[in-house]
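Chemist: Residue numbers (this note's numbering), protein chains in the order written: chain L, 1 to 395; chain D, 1 to 413.
Derived by calculation from the structure, the hints in this document are not laboratory data.
Any given hint might turn out to be false.
What the hints assert, rightly or not - In silico BS3-like cross-links for lysine-lysine, where the CA-CA straight-line distance does not exceed 27 angstroms: (1) Lys378/D <-> Lys148/D; (2) Lys161/L <-> Lys107/D; (3) Lys190/L <-> Lys266/L; (4) Lys167/D <-> Lys242/D; (5) Lys186/D <-> Lys167/D; (6) Lys161/L <-> Lys148/D; (7) Lys266/L <-> Lys161/L; (8) Lys107/D <-> Lys73/D; (9) Lys305/L <-> Lys107/D.
Just so you know, these numbers come straight off a predicted model, no measurement behind them.
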Amino acid sequence: MSALSRTRLGYDGVVAVMPTTIPYVRYSTHSAHWWLGRALGELIRGAGIAKADVDGVCVSSFTLGPDTAVGLMQHLGMSPRWLDHIPMGGASGVVALRRAARAVQAGDAEVIACIAGDTNQVDSFRNTVSQFSRFAQDAVYPYGAGGPNASFALLTDYYMKHYGATREDFGKLCVAQRDNALKNPHALMKKPLTLAQYIDARPITDPIHLFDCVMPCAGAEGYLVMTEDRAKALKLPFVRIRSTIERHNAFPEDPIQFRGGWAMDKDALYEHAGAAPEDIDFLETYDDYPVINMMQFEDLGFCVKGEAATFVREHSFTIDGDFPFNTSGGQLSVGQAGAAGGYLGFVQALRQLTGSAGKTQVEDAKLGLVSGFGMINYDRGLCSGAALLERGTAA
Amino acid sequence: MTAPLVKPKKKNPVERTRLSTRPPVPRSRSAQGLTRAAAEGSFELQVCAECSTVQYPPREVCGNCLSAHLQWKPVDNRGQLIATTTLRHSNDLYFRERLPWRVGTVKMAAGPVVVAHVHEDCVADGPVRLTLKLDRSGQAVLHALPEKDTPNMSDAAQLRESTCDPKFRRVLVTDGKSAMGLAVAKAMLDAGANAVFLGDPTSWKANAAFDRLATDPRVQVVELDVTDTDSVDRLAASIGGKVEILVNTASYLRDGGILGRKDVILARDAMEVNVLGLMRLAQAFGPGMCFRAADGSNNAVAWVNILSIHAFAALPARGAWSASMAAALSAAQTLRAELSGAGVRVLNVFPGPIDEEWEQLTPPPKLAPAAIAKAIVKGLQDGIEDAYVGDIAEEIRERLRENHKAVERELGQ
Ligand SMILES: [Zn+2]
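Please build the complete structure, drawing on both the sequences and the hints.
Modeler: Here's what the structure looks like:
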């Protein structure tokens with residue numbers, strides 16, 4: 001019997017609850033422990049449970065060092081019977097759900113707090129970049145020390161040349177996301193952005209310009225995973241998990257990244273959920289650069305490879321548009337709080353599906369897709385993931 | 001097309017000198033395999049002994065078959081530029097001062113995809129040649145060059161960050177009266193040096209060739225005796241701020257082993273010139289060169305030591321001298337470490353026997369001083385840090401790698 005012929009278990013009876021954000025700030029004098037601790041505290045208070053009821057914790061952070069999730073537990077006075085540390089950057093939110101949901105399903109833990117957070121001290125962005133990975137240290141950083149901007153500039157250059165996407169196309173997405181961000185009280189960007197401003201912005205690393213880059217900041221995000229029964233008992237609005245995927249180092253033979261792991265796994269994603277792209281009410285992607293949004297439109301099946309530019313021209317991406325997209329404003333307009341950036345879309349999707357998205361609420365949102373993308377290691381992002389989430393009904 | 005380098009203007013003395021910064025230094029130990037190749041100007045990547053896959057970035061095990069048998073080998077350096085970007089922003093001090101900076105992604109004919117510094121004459125999506133060079137940190141980096149040489153291509157600012165071209169620079173030749181010193185001075189002038197300070201250790205001794213060279217307006221004769229600390233310090237006080245390349249041609253070579261004598265006078269004289277002379281020069285000129293290591297297009301870039309292949313393997317017939325060569329190599333390694341903080345390159349030259357008066361009895365083949373001078377200029381232009389010059393040096397080096405004990409026995413016969 002081949003591995004592929006086995007049926008994957010569903011996530012029946014396991015739900016995600018309590019979308020939680022610790023409001024971002026541009027710079028923080030606190031350490032990552034402070035941000036993660038506040039996220040955990042907020043989750044416990046919000047759910048109306050005792051600290052000891054949380055018997056599983058899943059942590060993502062770049063700036064927690066020299067501690068890991070283990071040291072953090074002593075710091076926070078937690079004694080969980082299940083603990084995970086997920087260093088997958090932008091894929092962390094989805095991957096944390098995958099790990100936590102299976103643990104709850106198997107009975108290894110009852111209530112798992114998934115938290116991600118980072119501080120941003122005035123020079124911490126530079127330190128994070130220079131210590132990113134061995135391949136980056138040996139083979140990218142010495143070449144201009146441009147960090148992710150340079151790596152994404154190269155693949156954006158390639159993508160634009162091969163698929164005909166223009167800066168106007170990227171700009172349309174950025175402008176729509178800013179429009180959404182103006183409705184999100186947590187977004188750091190408070191001013192509207194026009195397409196002209198986007199186009200005229202100063203170049204950073206051709207063809208990347210200022211508004212193609214996220215603003216590093218400090219912040220934290222979190223949610224809880226528990227059984228549906230427990231959520232109902234606690235009277236917490238909950239979100240069901242229809243299907244998930246993850247993939248690492250997909251398509252290593254591609255000379256430069258023009259697609260991500262979703263392209264390998266999207267059929268499995270929709271098949272497992274019994275759903276199709278057109279059933280989806282909103283999409284939250286990982287948006288560290290606009291070109292990655294384009295790749296996700298293609299690789300998640302909203303259009304064929306190379307046609308994302310056309311897709312962008314034919315749709316509107318605001319909350320009230322025909323394709324509600326990155327409804328929080330995304331990292332490009334909310335800010336990138338390190339590993340919390342990998343939770344931003346996921347937590348926003350939980351808000352949409354628990355009716356707590358406030359002014360960013362997409363009307364009648366029932367089925368949402370979240371995708372994650374993380375860890376630019378040498379020349380490309382290595383981790384991808386996605387989750388199809390559904391509004392839970394307290395039947 | 002690269003604009004030709006313009007001759008630097010005379011420096012405004014009240015202007016602040018830009019201090020040197022370095023590109024990122026950290027590398028894994030595997031990545032130092034690139035440095036070894038770049039130090040000698042070869043192009044090597046790891047190749048899997050089992051499946052022949054060419055690896056990049058450097059790895060511990062093969063990315064294809066997981067074999068741990070990866071060997072550094074010369075590989076095809078051709079490739080296609082598939083993406084480029086120009087950095088207009090960097091968080092790194094070194095690059096911030098040198099923006100804009102062009103980098104790109106190259107798909108190599110040998111298989112790997114690499115990120116490289118991209119020469120301004122490379123055409124987007126066109127064919128390129130990759131070369132391994134040392135950057136100002138002394139670490140290896142890949143440069144993508146146009147498929148064929150273009151006019152003035154070595155004048156491109158990014159490439160010059162990895163090279164030490166004598167063009168428009170001022171060179172101190174420490175002993176200009178030896179055949180080697182004269183040859184080096186001529187070669188530097190031919191390579192476009194702005195000025196040569198020609199050291200004269202023996203002003204009382206007439207030398208027609210020296211006098212002829214001294215009539216060249218670009219040549220300035222300076223008194224310099226490397227065995228005399230005062231002499232070295234005096235000269236450094238006078239021209240130390242103008243020396244951008246220093247070539248130490250001062251040399252003391254005499255025949256004789258160790259047991260055949262009842263004193264160490266010859267050995268002491270050899271150490272005095274070949275080792276302590278190097279140290280005196282380093283102490284006097286090193287700090288000034290470091291200070292000017294990032295000072296415009298004629299920044300101080302290189303320190304050249306003319307050693308011998310016998311720095312690695314003693315020639316017992318010249319035992320005391322061999323010991324001084326080994327000691328000089330050791331001192332040169334320390335100097336390299338000390339100058340690397342500022343980005344000043346140390347080029348060690350290892351010739352075989354040289355055709356000059358003190359090697360009269362050495363049988364051929366012997367290297368003409370002009371051939372060594374040519375190798376020095378090329379080494380500076382290419383930006384390497386170890387040059388083995390001539391067939392004998394190459395052969396001894398190869399044999400040392402195969403069996404250093406055999407070399408020891410054979411040289412002792
Ligand atoms: Zn192999």
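Chemist: CA of lysine 190/L to CA of lysine 266/L, is that 27 angstroms or under?
Modeler: Distance ~35 angstroms between lysine 190/L and lysine 266/L Cα, so the pair is violated.
Chemist: Holds or violated: lysine 266/L with lysine 161/L, Cα cutoff 27 angstroms?
Modeler: 25 angstroms, holds
Chemist: Is the hinted pair lysine 378/D and lysine 148/D satisfied, with a Cα-Cα distance of at most 27 angstroms?
Modeler: 19 angstroms, holds
Chemist: Against the 27 angstroms threshold, does the CA-CA distance of lysine 107/D and lysine 73/D hold or violate the hint?
Modeler: 18 angstroms, holds
Chemist: Taken at face value, is the distance from the CA of lysine 167/D to the CA of lysine 186/D at most 27 angstroms?
Modeler: 13 angstroms, holds
Chemist: Has the given pair, lysine 305/L with lysine 107/D, been kept, meaning a C-alpha gap of at most 27 angstroms?
Modeler: 22 angstroms, holds
Chemist: Regarding the pair lysine 161/L and lysine 148/D, is the alpha-carbon distance no greater than 27 angstroms?
Modeler: 25 angstroms, holds
Chemist: Assess, step by step, whether the Cα of lysine 167/D is no farther than 27 angstroms from the Cα of lysine 242/D, and give holds or violated.
Modeler: 14 angstroms, holds
Chemist: Please verify whether lysine 161/L and lysine 107/D have alpha carbons no more than 27 angstroms apart.
Modeler: Since the Cα atoms of lysine 161/L and lysine 107/D sit roughly 16 angstroms apart, the hinted pair holds (cutoff 27 angstroms).
When each numbered hint is compared with the structure, a violation occurs for hint 3 only.
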